[in-house]
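Order-wise, the sequence lines are chains A and B. Quick note on numbering: this note's numbering labels position 47 of the first sequence as 47, and the sequence is numbered without any gaps. Quick note on numbering: this note's numbering labels position 178 of the second sequence as 333, and the sequence is numbered without any gaps.
Derived from the structure by calculation, the hints contain no laboratory data. Quick reminder that beta carbons are idealized off the backbone N, C-alpha and C, glycines included. There's no promise every hint is true.
Chain B side only, calculated, beta carbon under 8 Å to chain A, not exhaustive [unchecked claim]: (1) P235; (2) R244; (3) P256; (4) S358; (5) I610.
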Amino acid sequence: MASVVSLRMEPRQSAPGTVAEGLALARRLMTRPAETEEAPGNAAFEARISEHACRALKRSLGATGFHALLTRALAEAQLAHPLLAEVRIGQQSAPILGNLQALIDTHGALAVAAALEGAMASLFSLLGRLIGDDMVARLVERDANDATRDSEEAP
Amino acid sequence: MTNTTHRGRAKMGTTTTNIEGLATGVPGFDAILGGGLPMYSFNLIAGSPGSGKTTLAQQIVFANATAERPALYFTVLGEPTLKMLRYQREFGFFDPALVGPAIQYLNLSEEALTNDLSLVLERIVTEVERAKPGIVVVDSFRTFIGQPAGANDTSSMTIEHFIQRLALHLTTWEVTSFLIGEYAEQEQRNPIFTVADGVFWLSQVTDRNSVVRKLQAMKVRGRATMPGLHTFRITNDGVEVFPRIPEQQLERRATSSRRLATGVPGLDEAMGGGIPAGDAVMLAGPAGSGKTTFATQFAAEGLRQKEAVIIVVFEEYPEEYIARAKSRNQDMAASIEAGKLRLIYLRPLDLSVDETLAEILEAVKDLGATRVIIDSLSGFEVALAPAFREDFRESLYRLVGALTATGVTIFMTTEIVGEYPHVRFTTEKVSFITDDIIVQRFVEFDGALRTVLAIHKMRGSEHSRDFRDYEIGANGAVVGGPIRNYRGIMTGNPEPQTGPPSSTHKGLTLQETSVFDVLVRLGESSRERLRERAGLTPAQLGQALARLEMLGYVTADGDGQGIRAIAQPGAS
Numbered sequence: 001m002a003s004v005v006s007l008r009m010e011p012r013q014s015a016p017g018t019v020a021e022g023l024a025l026a027r028r029l030m031t032r033p034a035e036t037e038e039a040p041g042n043a044a045f046e047a048r049i050s051e052h053a054c055r056a057l058k059r060s061l062g063a064t065g066f067h068a069l070l071t072r073a074l075a076e077a078q079l080a081h082p083l084l085a086e087v088r089i090g091q092q093s094a095p096i097l098g099n100l101q102a103l104i105d106t107h108g109a110l111a112v113a114a115a116l117e118g119a120m121a122s123l124f125s126l127l128g129r130l131i132g133d134d135m136v137a138r139l140v141e142r143d144a145n146d147a148t149r150d151s152e153e154a155p
Numbered sequence: 156m157t158n159t160t161h162r163g164r165a166k167m168g169t170t171t172t173n174i175e176g177l178a179t180g181v182p183g184f185d186a187i188l189g190g191g192l193p194m195y196s197f198n199l200i201a202g203s204p205g206s207g208k209t210t211l212a213q214q215i216v217f218a219n220a221t222a223e224r225p226a227l228y229f230t231v232l233g234e235p236t237l238k239m240l241r242y243q244r245e246f247g248f249f250d251p252a253l254v255g256p257a258i259q260y261l262n263l264s265e266e267a268l269t270n271d272l273s274l275v276l277e278r279i280v281t282e283v284e285r286a287k288p289g290i291v292v293v294d295s296f297r298t299f300i301g302q303p304a305g306a307n308d309t310s311s312m313t314i315e316h317f318i319q320r321l322a323l324h325l326t327t328w329e330v331t332s333f334l335i336g337e338y339a340e341q342e343q344r345n346p347i348f349t350v351a352d353g354v355f356w357l358s359q360v361t362d363r364n365s366v367v368r369k370l371q372a373m374k375v376r377g378r379a380t381m382p383g384l385h386t387f388r389i390t391n392d393g394v395e396v397f398p399r400i401p402e403q404q405l406e407r408r409a410t411s412s413r414r415l416a417t418g419v420p421g422l423d424e425a426m427g428g429g430i431p432a433g434d435a436v437m438l439a440g441p442a443g444s445g446k447t448t449f450a451t452q453f454a455a456e457g458l459r460q461k462e463a464v465i466i467v468v469f470e471e472y473p474e475e476y477i478a479r480a481k482s483r484n485q486d487m488a489a490s491i492e493a494g495k496l497r498l499i500y501l502r503p504l505d506l507s508v509d510e511t512l513a514e515i516l517e518a519v520k521d522l523g524a525t526r527v528i529i530d531s532l533s534g535f536e537v538a539l540a541p542a543f544r545e546d547f548r549e550s551l552y553r554l555v556g557a558l559t560a561t562g563v564t565i566f567m568t569t570e571i572v573g574e575y576p577h578v579r580f581t582t583e584k585v586s587f588i589t590d591d592i593i594v595q596r597f598v599e600f601d602g603a604l605r606t607v608l609a610i611h612k613m614r615g616s617e618h619s620r621d622f623r624d625y626e627i628g629a630n631g632a633v634v635g636g637p638i639r640n641y642r643g644i645m646t647g648n649p650e651p652q653t654g655p656p657s658s659t660h661k662g663l664t665l666q667e668t669s670v671f672d673v674l675v676r677l678g679e680s681s682r683e684r685l686r687e688r689a690g691l692t693p694a695q696l697g698q699a700l701a702r703l704e705m706l707g708y709v710t711a712d713g714d715g716q717g718i719r720a721i722a723q724p725g726a727s
C-alpha cells in the first residue's frame, strides 16, 4: 500500500536563511513512504508529516522553546510563502499547525503543501544553526516515528 | 553498558551479592565512588548554578547509553533543552550519533507548569515504560520539587510521596537515575536527601582571580567512598575529577637500600654515597644559587643510567628549560623523543595540588619513571589557586606521600629567604615531609662571594656535617671538600681559622683534594705510589686523576704512569 510522494510539479521557493541541509531534511520527510495512497503534493499528507515533526521537536525541546522556534521559522518562510501568515499555532494538545484545511480550501493543496515544506525547511535550518544539522535530523526522524505512533494510538 | 564489579556483602552475612558498578565515564570519579556508581541507584546531583551538574550528568549519559538500554534525559524549566544541546555538544564526550537512538531528550515543562506532581510522575512512568531505559536524568528536578510551600496546592500528591514513588518506580525498572537540583547547604533536610541512594555535591569557589571547583560524594549507599572534597576541572573533554587521596598511597612500595648518584661531582660523597632510592629530597637555596642546575644534573644522571625521569617546572617554559640544559651538554629533547623524559609544565595560578599529582602520577606510570624533579616548590605554591595555598602543607604532604609510595625518588627545590642563622625556606612548613635536606647559601670569603652547601638532614643515613663550597661552571655544578680553615660560616662572613691551612681547592671533591695534596707533597709520583699514599682503590684514583687532569691540576707523562702536580690554581 505504501507509495512515495516525490513528484514536484515545479521547483519550490525557499525562504531566506533556509540552508540546503534543512531543505533536504524537509524533503526527505515529505517523500517518505506513506501509509496510505496519497497523490503527489498532497497537502493533507504533508500536514500530517509536518505535525509529527513538530510534535517530535516539542517533546524534546519543550513547548516554550519550540513555540519560539516555530514562530520565527514561519515568519521567515512567509517571505517565500505568504499564505503561511494565516497559519495559527495551536496550544496544548491541539494540532500545532491549526486551520490547515481552511488554507487548502482557500489556496489549493499544491500551494499549501509547498508552503508547509518551506516552513519545515525553515524550521530545520534555524534549529540546525543552533544545535547542528546532524542532531536536528536525529531528533526529527527518530522522534517523528514515535510521535506518529503516539498520535495514531491516541483516541 | 561498561561495568565494573564491586563486591559487597549481603546484610544477612551468609551470602555474597554483587552490586554492579556503573562506570561513570568521568575520569577520577569512579575512584572516589569506590568502583563506579551502584547500578539502579537513585542519585541526586546538587550544587550551585554553574557548578557543572548538567555536564557531569551528560557525560555519564553519553558514556553509558546504548540503543538497547537508552537514556532518557528529561528537561524541565531550568536550562532550555535547545541551549543545553547547543552548549553541551561542544564537549568531546558528546556524540551526536547517540542522540535519538540511544539518548532521548524529553521536556516536562507542560506537566511541571500544572503544579500537579501526579502528572509529572505519570509522564515519567509512561516514558520509562515505553523506552525501557538504563539511565534516567531529570534536569532540573528542583524546578518542581523546590517550590515554596503552597505552590503545589493543586497537586494530588505530596512531595514526599512523589519522590518515594519515583525512586521506587525507577529502581523497579532497573534504571540508574540522576536528579539534578540547585540546593543550598542548609536545605539538606529536603526529603530527597533521605530517599536518594547517592548524593553528590558540586561547588565552585571564586577567590580573587581563580575559580576552584570541588565535588563531594556526600552519600553513596553500598559503597565505601573516598571522603573529602575532590577538585575537578571542566575542560573541552568534559569533567575530570582529581581524587583527593590517590589509590597508590595505599600500596606503598618497599624501601630499597640502593643509592642514586646525583650527577653532581662531590655531592654523593657528602650524602654518604648518594640519595637513598625512594627518598624525597629538598634542595633549598637563595635565588641564583644553582638549584635548577643541581636538579638538572640529577635528571641527566638518571637518564645516563637509563632511568626514566619526570621534571615538573613552574617558573619557566619547558623550551627554556631544555635550552638551558642543552647549553650544559644535556640533550633533553632527545630523551623526550625517546620516551625517557617528560617535562610537565602546568597552567599557573589556578592549579590544585590534586590535579598536579594526578598529572605526575600518570606520567610516572606511563614512563615507568624512577626520578621526579619538582622545580620549584616555591613556584608550585605560587601557581596554586589561592584557596589551595591555605592548605599547601597538608596537600604537599599527600603529594609527596603518594609519589614516594610509587617508589620514585623526588628531588624538589625551594627558595631560601633571610640570613643565617635565621634562614627560612619559603616552604619551610613542608620541610618535615622530606627525607633529606640540602641547604645552599652565599658566603663571603676574603672579600669574594662564594657558594657553600651543607647537608642538613638525611633520614636514617650517615652524611657529611661539613660546609662544602661548590662551583657552577660550564659543565655544571661541582661540590668541593669540607671547608675547614674558616670559622663562622653560618654568619655569612667567615674569618680565617688560625692553625695550619687545610688543603681545600676550588671545585675539587674530597677525594680529588686528597689526591692533589699527596701529589703536591710528593712533587711527582707513579700511579701505584699515589694510590697507596692516598688510600684509594685504582678505580677511585683513576676517576680523581681524570678530573684533576681535566681541570689542569695535574699532568701525566706519555705512558700515563708518572703523575705530576703542575699548579695549584684553586688553592684557597
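| Tell me, which hint numbers fail for this structure? | 4, 5
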